[in-house]
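Input sequences plus hints: build the corresponding full structure.
All residue numbers for the sequence shown refer to full-length UniProt numbering, where the first residue is 1 and numbers rise by one.
Some clues are possibly wrong.
[What the hints assert, rightly or not] Derived pair list, reagent style DSSO-like, types lysine-lysine, alpha-carbon separation capped at 27 angstroms: (1) 106 to 68; (2) 106 to 72; (3) 72 to 101; (4) 68 to 101.
Bear in mind the hints are in silico, worked out from the structure with no lab data behind them.
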Amino acid sequence: EWQRVRLAGVCLQVWRTINPYSQLLILDEPAAPLDIAQEGLLYQLINAIAAQGISVLVANHDLNRTLKHADKVLLLSNGVLHSSGRADDVLSEAGLAEVFKTQVRKVMIDERPYLIFD
1 EWQRVRLAGV
11 CLQVWRTINP
21 YSQLLILDEP
31 AAPLDIAQEG
41 LLYQLINAIA
51 AQGISVLVAN
61 HDLNRTLKHA
71 DKVLLLSNGV
81 LHSSGRADDV
91 LSEAGLAEVF
101 KTQVRKVMID
111 ERPYLIFD
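Okay, structure coming up:
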């Protein structure tokens, strides 16, 4: 509960009606302490912040969420930039397999891509 309150406070600090000079929100694994329902609400809030013209940088290990929500992605391998660009391009089967040393398949369900890892 405390983490949700802190996250709400962080989001309010960059909300345009409260702080018209906000330009960037940085979040490190913001959904980690949340259940599935709260995670969905979090990403709605992040989308609302981005819709105000505020850049949002999220460190995230949930690559399916990243694929769904991110416009641009930086993919790191051992702390070094492996690739960057559009989420669908960067989160490719080949690139992810190379970085994570595992087989990756990208499948379409209801016209939306999902990543499956072996």
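Hint numbers the structure violates, sorted upward?
none
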